[in-house]
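Since chain A is already given, all that's left is putting chain B on it; use the hints.
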Amino acid sequence: MSMTEARLASGGLIDRSKPLSFRFDGKAFTGFAGDTLASALLANGVVLTGRSFKYHRPRGIVGFGIEDPGSIVQLAGEDGSVGLPATAIPLREGLDAHSVNCWPSPAHDIFAFSQVFASLLPAGFYYKTFMWPGWHAFEPLIRRAAGLARVPAHAAPNQASEIRHGHCDVLVVGAGPAGLMAAWAAAEAGARVVLVDADRLPGGSLNHGDVSVGGVTAAAWARDLAARLDAMGNVTRLAGATVWAHREHGLVVITERDPPLPELRQRTWQMRARRIVIAAGAIERMLVFEDNDRPGVMLASAARSYLHRHAVRPGRRALVFTNNASAYATARDLAAAGIEVAAIVDSREQPDAASLAVAAGIEVLAGHVVTHAHGSRRLRGVTVAPRQGRGARRIACDLLCLSGGWTPSVHLFSQARGRLRYDEGTAAMVPDTGPATTFCAGSALGLFDLQAVLASGAEAGRRAARECGHAGGEVAVPQAGPAPAYAVEPLWCVDACAASTRAFVDLQNDVTAADIILAVREGYGAVEHVKRYTTAGMGVDQGKTGNMNVIGILAGRVGTTPAAIGTTTYRSPYEPIEFGAIAGPREGTALLPYRHTPVTPWHVRHGAVMYEAGARWRRPGYYPLPGESLDRAVERESRAVREAVGVYDGSPLGKIEIWGRDALALIEMAYTNGFASLRAGGGRYGIMMTDDGLIADDGVTFRLGDNHYMMSTSTANAEAVYRRLEEFLQCERPDWDVTLTPVTSQWCNATICGPAARELLADLDPDIDICNAAFPFMSLRDATVAGLPARIARVSFTGELSFEINVARRHGLALWERVMEAGSRHRIVPVGSEANHVLRVEKGFLSLAHEADGTADPYDLGMGWIVSKTKQEFIGKRAMEIRRSTGHRRRELVGLLPHDPDHLLPEAAPLTPGGRMERTEGLVTACVRSVAQRRVVALGLLLNGRARIGETAHVRVKDEVIAVTVTSPCFYDPDGLRLRS
Amino acid sequence: MLILSCPFCGERDESEFVCAGPARAPRMTLAAATDDAWVDYLTAPPNPKGVVRERWWHSHGCGEWLIVERDTLTHAIHATRGARHEHD
Numbered sequence: 001m002s003m004t005e006a007r008l009a010s011g012g013l014i015d016r017s018k019p020l021s022f023r024f025d026g027k028a029f030t031g032f033a034g035d036t037l038a039s040a041l042l043a044n045g046v047v048l049t050g051r052s053f054k055y056h057r058p059r060g061i062v063g064f065g066i067e068d069p070g071s072i073v074q075l076a077g078e079d080g081s082v083g084l085p086a087t088a089i090p091l092r093e094g095l096d097a098h099s100v101n102c103w104p105s106p107a108h109d110i111f112a113f114s115q116v117f118a119s120l121l122p123a124g125f126y127y128k129t130f131m132w133p134g135w136h137a138f139e140p141l142i143r144r145a146a147g148l149a150r151v152p153a154h155a156a157p158n159q160a161s162e163i164r165h166g167h168c169d170v171l172v173v174g175a176g177p178a179g180l181m182a183a184w185a186a187a188e189a190g191a192r193v194v195l196v197d198a199d200r201l202p203g204g205s206l207n208h209g210d211v212s213v214g215g216v217t218a219a220a221w222a223r224d225l226a227a228r229l230d231a232m233g234n235v236t237r238l239a240g241a242t243v244w245a246h247r248e249h250g251l252v253v254i255t256e257r258d259p260p261l262p263e264l265r266q267r268t269w270q271m272r273a274r275r276i277v278i279a280a281g282a283i284e285r286m287l288v289f290e291d292n293d294r295p296g297v298m299l300a301s302a303a304r305s306y307l308h309r310h311a312v313r314p315g316r317r318a319l320v321f322t323n324n325a326s327a328y329a330t331a332r333d334l335a336a337a338g339i340e341v342a343a344i345v346d347s348r349e350q351p352d353a354a355s356l357a358v359a360a361g362i363e364v365l366a367g368h369v370v371t372h373a374h375g376s377r378r379l380r381g382v383t384v385a386p387r388q389g390r391g392a393r394r395i396a397c398d399l400l401c402l403s404g405g406w407t408p409s410v411h412l413f414s415q416a417r418g419r420l421r422y423d424e425g426t427a428a429m430v431p432d433t434g435p436a437t438t439f440c441a442g443s444a445l446g447l448f449d450l451q452a453v454l455a456s457g458a459e460a461g462r463r464a465a466r467e468c469g470h471a472g473g474e475v476a477v478p479q480a481g482p483a484p485a486y487a488v489e490p491l492w493c494v495d496a497c498a499a500s501t502r503a504f505v506d507l508q509n510d511v512t513a514a515d516i517i518l519a520v521r522e523g524y525g526a527v528e529h530v531k532r533y534t535t536a537g538m539g540v541d542q543g544k545t546g547n548m549n550v551i552g553i554l555a556g557r558v559g560t561t562p563a564a565i566g567t568t569t570y571r572s573p574y575e576p577i578e579f580g581a582i583a584g585p586r587e588g589t590a591l592l593p594y595r596h597t598p599v600t601p602w603h604v605r606h607g608a609v610m611y612e613a614g615a616r617w618r619r620p621g622y623y624p625l626p627g628e629s630l631d632r633a634v635e636r637e638s639r640a641v642r643e644a645v646g647v648y649d650g651s652p653l654g655k656i657e658i659w660g661r662d663a664l665a666l667i668e669m670a671y672t673n674g675f676a677s678l679r680a681g682g683g684r685y686g687i688m689m690t691d692d693g694l695i696a697d698d699g700v701t702f703r704l705g706d707n708h709y710m711m712s713t714s715t716a717n718a719e720a721v722y723r724r725l726e727e728f729l730q731c732e733r734p735d736w737d738v739t740l741t742p743v744t745s746q747w748c749n750a751t752i753c754g755p756a757a758r759e760l761l762a763d764l765d766p767d768i769d770i771c772n773a774a775f776p777f778m779s780l781r782d783a784t785v786a787g788l789p790a791r792i793a794r795v796s797f798t799g800e801l802s803f804e805i806n807v808a809r810r811h812g813l814a815l816w817e818r819v820m821e822a823g824s825r826h827r828i829v830p831v832g833s834e835a836n837h838v839l840r841v842e843k844g845f846l847s848l849a850h851e852a853d854g855t856a857d858p859y860d861l862g863m864g865w866i867v868s869k870t871k872q873e874f875i876g877k878r879a880m881e882i883r884r885s886t887g888h889r890r891r892e893l894v895g896l897l898p899h900d901p902d903h904l905l906p907e908a909a910p911l912t913p914g915g916r917m918e919r920t921e922g923l924v925t926a927c928v929r930s931v932a933q934r935r936v937v938a939l940g941l942l943l944n945g946r947a948r949i950g951e952t953a954h955v956r957v958k959d960e961v962i963a964v965t966v967t968s969p970c971f972y973d974p975d976g977l978r979l980r981s
Numbered sequence: 001m002l003i004l005s006c007p008f009c010g011e012r013d014e015s016e017f018v019c020a021g022p023a024r025a026p027r028m029t030l031a032a033a034t035d036d037a038w039v040d041y042l043t044a045p046p047n048p049k050g051v052v053r054e055r056w057w058h059s060h061g062c063g064e065w066l067i068v069e070r071d072t073l074t075h076a077i078h079a080t081r082g083a084r085h086e087h088d
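Which chain is which? The protein sequence lines are A and B, in order.
Quick note on the numbering used here: the first sequence kicks off at 1 and runs consecutively.
Quick note on the numbering used here: the second sequence kicks off at 1 and runs consecutively.
No lab work stands behind these hints: they were computed from the structure.
Check the hints yourself; a few may be wrong.
Unchecked claim - Under 8 Å between C-beta atoms, here's a sample of chain A residues computed to sit facing chain B:
| hint | residue |
| --- | --- |
| 1 | L251 |
| 2 | D495 |
| 3 | R825 |
As the list claims (entries may be wrong) - Which stretches of chain B does chain A cover? Using the computed rule of at least three CB atoms under 8 Å from a CB of chain A, they are:
| hint | region |
| --- | --- |
| 4 | 5-12 |
| 5 | 18-32 |
| 6 | 37-50 |
| 7 | 60-66 |
What the hints assert, rightly or not - A few chain B positions that, by computed beta-carbon distances, are all more than 10 Å from chain A:
| hint | residue |
| --- | --- |
| 8 | E69 |
| 9 | H78 |
| 10 | T80 |
| 11 | G82 |
Computed from a predicted structure; not experimentally measured.
Don't be surprised by glycine CBs; every beta carbon is placed ideally from N, CA and C.
Excised from the complex, chain A in its bound form (with noise of 0.2 Å):
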């Protein structure tokens, strides 16, 4: 068929004017600006436009919209992600198309064959396979078989998506007869509206018959009142967007495909609304018999739809098989397109009379089915049988409209929890009570006659409007031309097709009656197990046209009613939504941006490695001099260290002030020591745990003067322990009079460190005796220093005499840079947390995640002398009581040192009993080339490690056991003389 035989000559919603070439599967088409990628497919005589998910059969366009099962394509360039059906893509310049499921082309699909094998997957096949041993030798061609579209190649830039947060009174879901109704009264009303529809036209239904509403066409009085809204300033439409989430107190989730900015592709709304109006409409159901998924099925109201919207004929000779009233208008309008209809199978056995009216001159075979479609790559023609009785016929047909009745969209008002019944004079679960703040209305409400759905549309507006406290709203409800009422009966499968392997109720996932059946024989009952056992409705469209016929096959099975199965949980969202529409342009850096410390330009200026030190901050990992590596440049800052003098720059460690009469009631609390006996000046290292009597956090707490400390934390736990602390304070001690000041980011530290450390600082000019006497270990002295006001603490956390100096943060590289000038007199070299590792590794100072990763409290890290023995109360006591009073062997703190001194233990690697591949004993918790030992070493813990140092233990990797001596955890000067010195 080609272009101009399947575009009619006249008429349609389409822009004749604006040609626009595409290509699918390679081959170039044209289509016009108004058409959707499946409309101009048609338009182009193309029926067979991919294969299926799991048996790989020739599938067609079945559907108008996003409810369509079977027409996903994958888009070239940076949407290729979008995964959505041709139906919901508007064709567009440049367009570049391909299907999916299929290799070379779904006219030759070479995993085809699997439809021959299909009694071999029948439901729950992935589950019944993958519990075999060895199931994963099947693995790579299943996954290469299944998948729907790829990913693509390349990201999106972040631009392209964008994320708004809006507010407003109401928001209507649909801008459809209902809907247009519903936001008309709303606005008129005063209250702050928007409307959202998924298709860029205003109407929906309306633009897809040839009714007539206040006296006009029914698309014209669509575009009136869509152009009047347009004009109110209280009134914001959303063309082109879907609302895919309704979540708890209001907040909706809407994307709009193709915003009016040329360089966004999409862009996100978080919404806000203190009303909604669900007015989202209905879909149409298909119809369950042998092979119903041939190219040229089409469901009745799609292709009435691309005849009025498109004018494309769909097909040369239809038949239509249906149910229901409503398929009756399609046979009449695809007759009068000059499409020959050949009969309309209708399964009741006396139609309505109204219909039969509708569709005067066209043959009505009452009391049949269709029970068989013929043709493989595309429709030739039907089975029809009586239901009842024998004369089974052959009709030949290229296109066959289906419909099974009309599912009411209930999928946003179910994700608010709303709650469905069944109605049996519809038969299609339709809302029933919901969340206060919900309406639905129109078709979505299950109603089917256009008076009513325009007459409920005003009235949710009007009410959703009212309860925002804006009175009035009374809009007139226009007066809708002549159409014969909806009468259905059910018809879940037909009754011949019931037993058939070929008859789908979800085309998307291939899943057939005879699953469902097998389900059902299987033990599965429930729509909630029959639903994932059999994966049906579990695809991206999730089963929009096919739930409600496995909900009635079911019921028909286990013999009970739609109602007594009710429906499955309904989620977010409607349908497939990219990530990058989610996240915007929230990743990356864009999402968690990098914290600096004022030294940053100057380490990268001299060549450092940056690393991430823990909570964002940026710290040079280390210095490599022009061509040298990691380990030289590591063992070279050590060094200097051990030997000279080294500096880092230590600012991102957390630091808290604590002011209060009680402050020193929290620090007993949060430490497992006391801190009683510290005098202003002084300090003291303590650790913090858990209630559960884990080790949470350590650091170094000064006294500053009466009732006032200042803490340090770990990097990377600085707001957590602030959070615990605010925590227990506000919610357990509300009467303790403290007040807690985070202030990591107002200080800014150049930490100098080795033995020449102090003849460095000398050399900056302190205005303070700085000998050992007058500035011992563990104290803190405000001074000036190199001219700058200064706060200098005597900690350390490499074993060295250190100096660590503070100034406010604006004063940060002036100092850095006057350390490093004052220290070339002392080769002086810039340390990085490389080596800062190798330092503490040396001396056995725990670091947090490292030995102290969440399982170890005190004891376990041969730190019992930090707990505490008089403190009545501290966090954690009772709960490292109690687990120690078990007197389970633990696994505790240990140095290893490997037999072969050179041979480095990678870090977290698992201690087994002997090296044999059993329970571990304990792990590898850091590992270096220790400079001072000339031999690596490594801290572990170790299942009662401190009672066998001396013994060799065994460290168990991929293809190697390497055995390791466990010693003290301690490899340089045990006694703390140089750090005191």
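Quick look at chain B alone, frame taken from chain A:
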């Protein structure tokens, strides 16, 4: 996403807050607590289907800790007040 009404800041989006789980009974002093009572206090937080009292921290706002009464079934928020005034 919830909307929580902070006594200081007014109605704010959930993304400004950190949920710290169900509010426990007032913390016992260790001297008064048996081991069993302490284990219960630590490990058996209330987890009802219905209204639960929760601790929320307005971390990206005023820093106040709040006690929020939230219905776990409907997400309805029945009350929000500052934790330090909980026992006033």
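| task | Find the hints from earlier in the document that the structure breaks and name them by number, from lowest to highest. | result | Numbers 2, 3, 4, 11 - these are the hints that the structure violates, sorted from lowest upward.
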